[in-house]
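> This is what each chain is made of:
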Amino acid sequence: GESVGLHLPTLSVQEGDNSIINCAYSNSASDYFIWYKQESGKGPQFIIDIRSNMDKRQGQRVTVLLNKTVKHLSLQIAATQPGDSAVYFCAEGLQGNYQLIWGAGTKLIIKP
Amino acid sequence: GAGVSQSPSNKVTEKGKDVELRCDPISGHTALYWYRQSLGQGLEFLIYFQGNSAPDKSGLPSDRFSAERTGGSVSTLTIQRTQQEDSAVYLCASSLTGTGGYEQYFGPGTRLTVT
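First to last, the sequence lines map onto chains A and B. Position one of the first sequence corresponds to residue 1 (my numbering), numbered consecutively onward. Position one of the second sequence corresponds to residue 1 (my numbering), numbered consecutively onward.
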């Protein structure tokens, strides 16, 4: 289930199940969206990105969905593995603007 | 190729001392960013460099914080008269350009502890 802890929202998923991590972005003008994965003790690592002219993009075991109508972004991870345990951040940006607006992050916990 | 590197990986300092944190971006990346991350929190933007210029310093928490970048490459973040609230992980990232649409590559961070 999904819960809001003292700091980061947490999502607990059974190993082998699919995970869906959600993000509400803030700027309707944003045209570039990224998902990052941050493992404990490491810097964030790029997973996948999507531009605003698309509503779906697939990578290896990951799919990003973009709903511009409700300013919603989601990351789907298929067949979740223990190595997927991390904090996942969404970020939004605008072509021609250096600044990324970062989401608060969601901690994904994999149950054996 | 080599990624973004940061040094030191860990720094413990006494309150009131100055510290310098170093970032080596990916070669050829013109844009460089510093962020701060407190335990269990998201990323707090500090400063952005395009080449050696810092067009946006708005995220620096106080005038005790400063940063420079030389030769369009290495950057140092300096914190003077450190306070306990400065304790955090300081992350550096670089990207190919600062014009958006390019992913930021992050270093492993420097964990700063002020005692």
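If you're looking for bench data, these hints aren't it; they were derived computationally from the structure. Hints may be right or wrong, so weigh each one.
Pairs of lysine to aspartate or glutamate residues, derived as DMTMM-like cross-links and limited to a Cα-Cα distance of at most 25 Å, are as follows [to be verified]:
| # | chain 1 | residue 1 | chain 2 | residue 2 |
| --- | --- | --- | --- | --- |
| 1 | A | LYS42 | B | ASP24 |
| 2 | A | LYS68 | A | GLU39 |
| 3 | A | LYS42 | B | ASP86 |
> Evaluate each hint against the coordinates.
Here is how each hint holds up against the structure:
1. Simply put, A/LYS42 and B/ASP24 have alpha-carbon atoms about 16 Å apart, close enough for the 25 Å limit, and the pair holds.
2. Distance hint between A/LYS68 and A/GLU39 is unfulfilled; the C-alpha atoms sit about 29 Å from each other, more than 25 Å.
3. For a cut-off of 25 Å, the pair hint linking A/LYS42 to B/ASP86 stands: about 19 Å separates their Cα positions.
Hint compliance for this structure: hint 2 alone is broken.
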